[in-house]
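Novice: These are the residues of each chain, in order.
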Amino acid sequence: MKNAIIKLLLILLTFGIIAWAHRTLDSYTLSILNNIGIFAILALSYNLINGVAGQFSLEPNGFVAIGAYVTALLLIPAADKIDMFALVDPAPIILEMHARFLPAVIAGGVVATFVALLLSVPVFRVRGDYLAIVTLGFGFIIRIFALNSPAYTNGAMGLNDIPANANFLWIGGIALFTLIVMLHIVYSKFGRAMKAVRDDEDAATAMGINTFRIKTTAFMTSAFFEGVGGGLLASFLTTITPDQFSFLLTFQLLIIIVLGGLGSMTGSLVATILVMGSMEWLRFLDQDMVIFGMHTGEHPGMRMVVFAILLIVMMLFARKGLFGDRELPEFLKAKFKRKDEA
Amino acid sequence: MSDILLEVRNLTMKFGGVTAIDNLSFKVPRGSTYGLIGPNGAGKTTIFNNITGNYIPTEGSIIFDGEDITGTKPNKIVAKGIARTFQNIRLFKSMTVLQNVLIGFHDQIPYSYFEAIFRLPRYHRHEKRIKVEAMGILEEFGIARYADNDATALSYGNQRKVEIARALATKPKLLLLDEPAAGMNPIETRDLSDIIHKIKKDYDLTILLIEHDMKFVNAMCDTVTVLDYGEKIFEGKPADAIVDPKVVAAYLGDFTHA
Chain A
1 MKNAIIKLLL
11 ILLTFGIIAW
21 AHRTLDSYTL
31 SILNNIGIFA
41 ILALSYNLIN
51 GVAGQFSLEP
61 NGFVAIGAYV
71 TALLLIPAAD
81 KIDMFALVDP
91 APIILEMHAR
101 FLPAVIAGGV
111 VATFVALLLS
121 VPVFRVRGDY
131 LAIVTLGFGF
141 IIRIFALNSP
151 AYTNGAMGLN
161 DIPANANFLW
171 IGGIALFTLI
181 VMLHIVYSKF
191 GRAMKAVRDD
201 EDAATAMGIN
211 TFRIKTTAFM
221 TSAFFEGVGG
231 GLLASFLTTI
241 TPDQFSFLLT
251 FQLLIIIVLG
261 GLGSMTGSLV
271 ATILVMGSME
281 WLRFLDQDMV
291 IFGMHTGEHP
301 GMRMVVFAIL
311 LIVMMLFARK
321 GLFGDRELPE
331 FLKAKFKRKD
341 EA
Chain B
343 MSDILLEVRN
353 LTMKFGGVTA
363 IDNLSFKVPR
373 GSTYGLIGPN
383 GAGKTTIFNN
393 ITGNYIPTEG
403 SIIFDGEDIT
413 GTKPNKIVAK
423 GIARTFQNIR
433 LFKSMTVLQN
443 VLIGFHDQIP
453 YSYFEAIFRL
463 PRYHRHEKRI
473 KVEAMGILEE
483 FGIARYADND
493 ATALSYGNQR
503 KVEIARALAT
513 KPKLLLLDEP
523 AAGMNPIETR
533 DLSDIIHKIK
543 KDYDLTILLI
553 EHDMKFVNAM
563 CDTVTVLDYG
573 EKIFEGKPAD
583 AIVDPKVVAA
593 YLGDFTHA
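Protein chains in written order, with my numbering: chain A, 1 to 342; chain B, 343 to 600.
Mixed in with the good hints there might be a few duds.
Simulated pairs of lysine-lysine, DSS-like, Cα-Cα distance not exceeding 27 Å [said to hold, decoys possible]: (1) A/Lys337 / B/Lys435; (2) A/Lys333 / B/Lys579; (3) B/Lys435 / B/Lys470.
Here are some chain A residues the structure puts well away from chain B; computed CB gaps all over 10 Å [claimed, not checked]: (4) Asp83; (5) Arg100; (6) Leu117; (7) Trp170; (8) Phe190; (9) Ala196; (10) Met207; (11) Asn210; (12) Glu280.
Just so you know, these hints were derived from the structure itself, not from any lab.
Glycine included, each C-beta is placed from N, C-alpha and C at the ideal position.
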């Protein structure tokens, strides 16, 4: 009971900070925060299938693309679609579909979940790293589909003028919601079963766990939130093209969840802030700097070099990521316990 | 309720051209401790894998509690009341001792995915209940004080106990133990046999075990079946097994033709 009250207060406090930030911060800072929020949603959900359930998959870019396109097409008014689709006329269903912001975002998640179900039936019937191969291919297929079906996606020109409904109140709130949902899954019989499947699939089966169902559950949950994140991304950027959803997006998320610690939700959150934040904070490296009176000159891309070095150093000192597979409170508890004993 | 809990009927298991089990039959009476012994490669673990559904028998059937369970999926077999341990300890290595045991309760927790996500009352009720029950099992094994330790940080003997405790959490009627005393010193072995005797009584279990340690088998088993190359060469009391000429020949080689 006491824990529940503390938890509720913490949630309210966090939401209060989000609301405060939304009202007072300037648009540049907010755009960074929005980016962090969206990537937090994506990293948290990616960590569920990859870290908690231990099923190595490379799917986020595919599901993010699905979510982004579904949400965008639902949000853009029919008249704008006719103007926008320059290559061919939009398909009738594209003109008909329309929804308000929240239903549109949820629809993106639902469609991604459904696609995940279709993928998981063949993939999880066999053991092994087939998921990685299938999801990698799936990401390419989605991109090629988006490029080559101009009646549905406007092809390579992408979609523009997507109503910018996604402000930090929405994005921060949904990111907070995602974190809570993920932690609740991890600390339940489902999260335990996912970890059991990751640790030893045979032993998990011997405990009565239906491993096919658990893996499918984890995959579909990941897909849902990746779709939602994609929808928010579309509305935040107001313009999407197929090339945004290349494998690089998945790769970036993979860096985040490995850095945070596979299986640690709070680790993913902290890593998202570190990675997405430092991309911005290291910008000064690209500019001309004065060191001991000498001008370094402008080196665009220098921050990426430094960023890569920082990543390597971090991974050298924390092989299992920032928090290993523990959550932040457990990690701190273990740290302090060890110090007490020493 | 018949007094036979498990019956293996004319079981044959072939892997390609190799016959691992050849037309084997035996009955495990309810409430007994039954031993499967035999030299390495005799097919003992294969029988376990057939009973637990990991392998589907080439021929023959497995009857548990009056029901034919041949070809049932491994996780469904657990629900019917058969739990197992593994020859090489297979604990969930990222988890604590308590969490390992909690996994065993998976099937007995009725709350749904949504109830877990939104933390509805049923979640709290059942999580609290299984934690108490799991601690009870750990106390029975005398390892309750390690509940929050990483499972793999325990001594070998204690890891064995965790594995059996985890199997018990699934509320089995039949417990399959694959070489429970392997790699233990005599003191640990005695400790383990005491515990197995105790849980057998407390949880009303029938036990089928594979073991090489004949002292352990003697102390535990009412009946043993001796296997050699997938065939039954002896069935009876463990004390008679070690003097049976066929059994001696299987273990030490046949001297009569030398």
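Novice: Next, verify each hint and record whether it holds.
Specialist: Each hint tested on the structure:
1. A/Lys337 / B/Lys435: holds, 20 Å
2. A/Lys333 / B/Lys579: violated, 53 Å
3. B/Lys435 / B/Lys470: holds, 23 Å
4. Asp83: A/Asp83 clear of chain B: closest Cβ-Cβ about 41 Å, beyond 10 Å.
5. Arg100: holds, 24 Å
6. Leu117: Non-interface label on A/Leu117 holds, nearest chain B Cβ at 14 Å vs cutoff 10 Å.
7. Trp170: The claim holds: A/Trp170 sits with its nearest Cβ about 20 Å from chain B, beyond 10 Å.
8. Phe190: violated, 6 Å
9. Ala196: violated, 5 Å
10. Met207: The assertion about A/Met207 is violated, with a minimum of 5 Å to chain B.
11. Asn210: violated, 5 Å
12. Glu280: holds, 33 Å
Checked against the numbered hints given earlier, the structure breaks hints 2, 8, 9, 10 and 11 and satisfies all the rest.
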